[in-house]
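Q: Chains A and B are the protein sequences, given in the same order.
The opening position of the first sequence corresponds to residue -10 in our numbering, with each subsequent residue numbered one higher.
The opening position of the second sequence corresponds to residue 5 in our numbering, with each subsequent residue numbered one higher.
No wet-lab data here; the hints were simulated from the structure.
Since the structure is predicted, the reported quantities are computational estimates derived from the model, not experimental observations.
All clues stand as given, with none of them false.
Here's a subset of chain A near chain B, in silico, CB distances under 8 Å, partners left out:
| no. | residue |
| --- | --- |
| 1 | Gln50 |
| 2 | Leu92 |
| 3 | His108 |
Cβ coordinates follow ideal geometry from the N, Cα and C atoms, glycine included.
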Amino acid sequence: MTTPILELRDIHVRFATLDGAVEAVRGVSFSIRRGETVAVVGESGSGKSQIMMGVMGLLAQNGRITGIAEFHGMNLIGLPRRALNRIRGERIAMIFQEPMTSLDPLFPIGAQLIEPLCHHQGLSRKAAHARAIELLQLVQIPEPERRMAAYPHELSGGQRQRVMIAMAISNNPELLIADEPTTALDVTIQAEILTLLRDLQERLGMAILFITHDLHVVRRIADRVVVMRRGEKVEEGPVETVFATPQNAYTRALIDAEPEGRKPPVALDAPVVLEVRDAAVTFGRRRRLFQPAEPGFRAVNGLSLTLRRGETIGIVGESGSGKSTLARAILRLLPATGTIRLHGRAIEDLAPRALLPLRRDMQVVMQDPFGSLSPRMTAGQIVAEGLLVHHPAMSAAERDRAAAEALTECQFDPALRNRYPHEFSGGQRQRIAIARALVLKPSIIVLDEPTSALDRQVQKQIVDLLRRLQAEHGLSYLFISHDLAVVRALSDRIMVLKSGELVEAGPCAEVIGAPKQDYTRRLVQAALLG
Amino acid sequence: MTRFILRRLLTAIPTLFLIVTISFFLMRVAPGGPFNQEKGLNPAVIENLNRVYQLDQPLWSQYLHYLSNLLHGDLGPSYTRPDFTVTEMFATALPISIQIGTLALLLALTIGSVLGIIAALNQNRGLDYLVVATATAGSTIPTFVIAPLYQLTFALSLSLVPVAGWGGGALVNKIGPVLTLMLPQLAVVARLMRGAMIEALRAHHIRTCRAMGLSEVSVVCRHALRSAVMPVISYAGPAAASLLTGSVIVETIFGIPGIGRYFVEAALARDYTVVMGTVVVLAAFTILFNLIVDLLYAIVDPRVRHD
Chain A
-10 MTTPILELRD
0 IHVRFATLDG
10 AVEAVRGVSF
20 SIRRGETVAV
30 VGESGSGKSQ
40 IMMGVMGLLA
50 QNGRITGIAE
60 FHGMNLIGLP
70 RRALNRIRGE
80 RIAMIFQEPM
90 TSLDPLFPIG
100 AQLIEPLCHH
110 QGLSRKAAHA
120 RAIELLQLVQ
130 IPEPERRMAA
140 YPHELSGGQR
150 QRVMIAMAIS
160 NNPELLIADE
170 PTTALDVTIQ
180 AEILTLLRDL
190 QERLGMAILF
200 ITHDLHVVRR
210 IADRVVVMRR
220 GEKVEEGPVE
230 TVFATPQNAY
240 TRALIDAEPE
250 GRKPPVALDA
260 PVVLEVRDAA
270 VTFGRRRRLF
280 QPAEPGFRAV
290 NGLSLTLRRG
300 ETIGIVGESG
310 SGKSTLARAI
320 LRLLPATGTI
330 RLHGRAIEDL
340 APRALLPLRR
350 DMQVVMQDPF
360 GSLSPRMTAG
370 QIVAEGLLVH
380 HPAMSAAERD
390 RAAAEALTEC
400 QFDPALRNRY
410 PHEFSGGQRQ
420 RIAIARALVL
430 KPSIIVLDEP
440 TSALDRQVQK
450 QIVDLLRRLQ
460 AEHGLSYLFI
470 SHDLAVVRAL
480 SDRIMVLKSG
490 ELVEAGPCAE
500 VIGAPKQDYT
510 RRLVQAALLG
Chain B
5 MTRFILRRLL
15 TAIPTLFLIV
25 TISFFLMRVA
35 PGGPFNQEKG
45 LNPAVIENLN
55 RVYQLDQPLW
65 SQYLHYLSNL
75 LHGDLGPSYT
85 RPDFTVTEMF
95 ATALPISIQI
105 GTLALLLALT
115 IGSVLGIIAA
125 LNQNRGLDYL
135 VVATATAGST
145 IPTFVIAPLY
155 QLTFALSLSL
165 VPVAGWGGGA
175 LVNKIGPVLT
185 LMLPQLAVVA
195 RLMRGAMIEA
205 LRAHHIRTCR
215 AMGLSEVSVV
225 CRHALRSAVM
235 PVISYAGPAA
245 ASLLTGSVIV
255 ETIFGIPGIG
265 RYFVEAALAR
275 DYTVVMGTVV
285 VLAAFTILFN
295 LIVDLLYAIV
305 DPRVRHD
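Next up, chain A with everything else stripped away, as it sits in the complex:
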């Protein structure tokens, strides 16, 4: 065995907060050898990112790191900035979770690639320019010469992450720290980025330290894995061993946190609750004076579906495929063409006032549990708000009781209902959002990526909760997700969308088990199912 290039011993990271010191990392030690891929796994808040942020001198102002981080025998912790800057970006490079914001929006990507090249290798601008084009080729950016002048906002998320990778490998680092590099990307793009990192590692022989919460990713690319929980290392070992025989109960729980189980089928003669025919949504360009309106962009193009009582239709696709737009059109939150029948009654032309009582029957749970709850209202008020509109005769006490009941059903302690959203975790907030939908006793709930922002373990609990509520109340779900593992656990039928059109539809097991279309196959492969 070769000696480690980076060895961490007894790393502590503390943050000074208004509530006193918070210890995010508590005495973690591990090492990484040349050419090796080590994955640090843990849920959000486990401190997994803060270790490397601390080692690289990138902690927030109130953070302090102690311990030893030996890079080729030199302790990086406490190193003066000048000396650290000769290592950062040259011998150890880093890519981040947020491809959208990690590049400077005010400079073309070429300039951002050239600057570290000139800085570390002393290249002339011309030589650096040529090298930057090479790097863009290496990370498979099409038309690299032209792209040099592009600004980050002109690139997609996947392309931006490629540019970040190009920048990180520009000085042939010995170690690449990848902090959740694929989390913010679509599944198929995720797979491409992972493949790219693998290729680059083989070519350049660098070690990769992969920080992630996603066990699929770990299994796919890592040699060794370090499992973290609440700032401590709970387990470490080769990937196969840890996955096959996890020693720690928490590791076991993480591995088992895949959403499992299948939805029991609905009776064939179950009544139809929602029928959509040829729904289309066009985002038109604004019409200029004296000019004909431009044809506009068709986000949803002639989609139809039939939803029965107790049934779940999973709507799957990458970002931009039109799945959320379709849901909004059905909820009549967007102008659309086509017919929408709710319990047999056409609602597409109803005036807002006539539509209002029907809205009670179709509720929605949004993706972002942080943004979709008013920060100025308590959990109880949020849940009860819909009752004010739909049951104005109810007294305040009755509303509060109904809210408490709905929260209890969502396994949310109703004693906490007088607290504000920011006091709750993502999983708890999503429970509040589900209770808000449930309190009105709807027959249909549109679930727009309700589990995407949650950790796997919490995800699993929410999936179980949704399934139980459906069975108890005979709810019908329109379940929108890019995550096939969750869709498989919840849906009867699946619709695969791409660019606003239907690619494939059918029973869940058929679509995932034997996809007919290339695009579906790619999605299934990227999701690493089965």
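Given the structure of chain A, go ahead and fit chain B onto it with the hints provided.
A: Relative to the frame of chain A, chain B by itself:
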């Protein structure tokens, strides 16, 4: 870009028209007129004067007359200084106000930005507190306190500079008015820059720069400063418009023959044409500087260009 500028200049025309119209009629709602201020003027004389200046005609006719003159670049005669036209008065006074205003603005932007950056880089440490405290004090002390203090100390006690007067535009005469105009602006710029810089330094792309081992100078001056400068630019536009068109207080205390004084003097004397003239100049400057701000925005931030 050219199309954008042209479009903006075209939209300026209705704006100016509205401002001129509203000010014209508001002005006339105020009681009195230019010639009944002094007691004991013979009514026959007033009548004559009114006839000469066409003030005896119906208001709408006066308005149309003013508009037509304005379109020809004629701001009319001054009623209280009959030897001068408004254009002539502005021709001598405006350059003086612009000189002082420009100097004050440039100094406030440079020194304020530097102080703001220093404060941001030392956030919540001694130097930061010092800058913030000074800036707060600077923006709370009114101009009419700073100016006499300056005169008292540097002119009367130390005899380093003249107390007041323009002195044909000598540098020593400009120091006082420029400093007095600059200080409150500097305080605002410093605080704006501090806040924007702290925000900018927390951005993810700054973390990327640091992770790539770029020097602190490049991180701060090249990457963070460019996004931090945005709020300062948007403040500087309207500030420039008001600084360059002169300050009543500063010009009065230092006896500077700039345009700022005219506004108040003329308003009190119902010197309609001079008031209208200053309104037109101020509006034009405001429109111009807002356009410049938008152009600067587009230069600094490529995302604006594409909209």
